[in-house]
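Make a model of the complete structure from these sequences and hints.
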Amino acid sequence: MKDDWNNAFDQIRASEKLKTDTAAYLKREMEKRGRKKQIPFGYAAALCSVVLVAFLGMAGFRFYQTPVSYISIDMNPSVELSLNRLNMVVGVKSYYDGEASEADHLQNLKNKVYTKAIRMLLNSEVFQTSMKPDSLLTFTIVADLDEEEDLFSGIQTSSKDAGCESQYRCTDAATVEEAQNTGLSFGKYMTYEELAQYEPSLSVEDCQHMSMSELQGKINSHAHGESTEEGTLEDGGTESEGNHEGHGHSHGHGGESGHE
Amino acid sequence: MRDESEAIQAIERYSDLVKRICFLYLKNQADTEDIFQTVFLKYILYSGIFESAGHEKAWMVRVTINACKDLLKSFYHKRMLPLDMLKEEASKEPESHGLLEVVLGLPKKYKDVIYLFYYEEYSAAEIAGIIGKKENTVYTLLARGRAMLKEKIGGDGFEG
Numbered sequence: 001m002k003d004d005w006n007n008a009f010d011q012i013r014a015s016e017k018l019k020t021d022t023a024a025y026l027k028r029e030m031e032k033r034g035r036k037k038q039i040p041f042g043y044a045a046a047l048c049s050v051v052l053v054a055f056l057g058m059a060g061f062r063f064y065q066t067p068v069s070y071i072s073i074d075m076n077p078s079v080e081l082s083l084n085r086l087n088m089v090v091g092v093k094s095y096y097d098g099e100a101s102e103a104d105h106l107q108n109l110k111n112k113v114y115t116k117a118i119r120m121l122l123n124s125e126v127f128q129t130s131m132k133p134d135s136l137l138t139f140t141i142v143a144d145l146d147e148e149e150d151l152f153s154g155i156q157t158s159s160k161d162a163g164c165e166s167q168y169r170c171t172d173a174a175t176v177e178e179a180q181n182t183g184l185s186f187g188k189y190m191t192y193e194e195l196a197q198y199e200p201s202l203s204v205e206d207c208q209h210m211s212m213s214e215l216q217g218k219i220n221s222h223a224h225g226e227s228t229e230e231g232t233l234e235d236g237g238t239e240s241e242g243n244h245e246g247h248g249h250s251h252g253h254g255g256e257s258g259h260e
Numbered sequence: 001m002r003d004e005s006e007a008i009q010a011i012e013r014y015s016d017l018v019k020r021i022c023f024l025y026l027k028n029q030a031d032t033e034d035i036f037q038t039v040f041l042k043y044i045l046y047s048g049i050f051e052s053a054g055h056e057k058a059w060m061v062r063v064t065i066n067a068c069k070d071l072l073k074s075f076y077h078k079r080m081l082p083l084d085m086l087k088e089e090a091s092k093e094p095e096s097h098g099l100l101e102v103v104l105g106l107p108k109k110y111k112d113v114i115y116l117f118y119y120e121e122y123s124a125a126e127i128a129g130i131i132g133k134k135e136n137t138v139y140t141l142l143a144r145g146r147a148m149l150k151e152k153i154g155g156d157g158f159e160g
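In order, the protein sequence lines correspond to chains A and B.
Mapped onto this note's numbering, the consecutive letters of the first sequence carry residue numbers 1 to 260.
Mapped onto this note's numbering, the consecutive letters of the second sequence carry residue numbers 1 to 160.
I should point out that these hints are in silico values taken from the structure, not numbers from a laboratory.
Idealized CB from N, CA, C, for every residue including glycine.
Mixed in with the good hints there might be a few duds.
Claimed, not checked - In silico DSS-like links for lysine-lysine, alpha-carbon gap of 25 Å or less:
(1) A:17 - B:42
(2) B:108 - B:73
(3) A:32 - B:42
(4) A:116 - A:93
(5) A:2 - B:19
(6) A:218 - B:42
(7) A:2 - B:42
(8) A:2 - B:73
(9) A:132 - A:160
What the hints assert, rightly or not - Facing chain A, according to a computed beta carbon distance under 8 Å, are these residues of chain B, among others:
(10) 4
(11) 23
(12) 27
(13) 28
(14) 33
(15) 38
(16) 46
(17) 47
(18) 49
(19) 63
(20) 71
(21) 73
In structure tokens form, the structure reads like this:
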């Protein structure tokens, strides 16, 4: 059987032309980046001044306002934070019972560093009145791979006194796009997708009124029943050092074992 | 930023891996070239440290899968029929050609877990870490993908 897989996929190889073209492209990119460091000092100083003025002007405003990372904070209600390159909040959207809004009452979170914004949010009346000891607080991140680790760390620190169970995970831009116009935050939509695998008849509308702990409870019930059935068929697996979802303080990226 | 020799070594080590993942997701050579450039550029610009060869490989798998998904979702992406790639890549062995075609015909959420499990020989736990899903979800996807393969190909070789 393994031979069939090897025979099927071994034949798929990158051509020498593809490798050569890629190497040439990378060389051009590295040279471009290297040339940027070789600008004469006087010219560089003048250029820096111009860049600084531009940054303080309209270009700087756009740079500041452009979101590059997103955090979905879900319990019931849900809040999405948009962060710029400086990890400051530039957008806030709330979801409650299927209604998305610009969250006028949460606009004071804008222009705050995300860690402070999360602490303010968790201490707000909106979350405090909804939070119970058995609530589940879920943080979902969409960010560049090299930003995830730092964002996770900041979120975990900011939420450690939340007063209920927390979980942390990542998703991608595709999920954010699919979640738009559903009335769900992308974090809650990700959980809906997971539950829908077990309950195909489940609709988005059904989930809008459910809390994260209710949704996760259903997923756990299904998963516990299925894993008992499937576990004997599977490679028992090694304990992964880098699970991508975590509870409390665990999270990671990539697999750790070598299969070269 | 990594240097040119590291870039060339990475291309030698991972080009086939990246090509296979692109083959699962994409439908034409131009998109594959785009992904190649994107993935290896990210590699040389990545400032993190890889703790092991396995960590580095898992990083490449994840970045490639994410790059393919982002490309497919991009507004300006034009899709072509997959037949041109199949004709270029199809094996001369009927059994292998059948298996390859069947895997390509799986719904996209099963293709990568099936490929990573059966060909790259990652465990379900490792696959969960790479693609960002729960381990139980990966077990479920493997079970359903396996059932589809068994239905189309038959045989008893899909029990794990």
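Checklist entry - Which hints from the list above does the structure break, by number from lowest to highest? => result 6, 7, 8, 12, 13, 15, 18, 20
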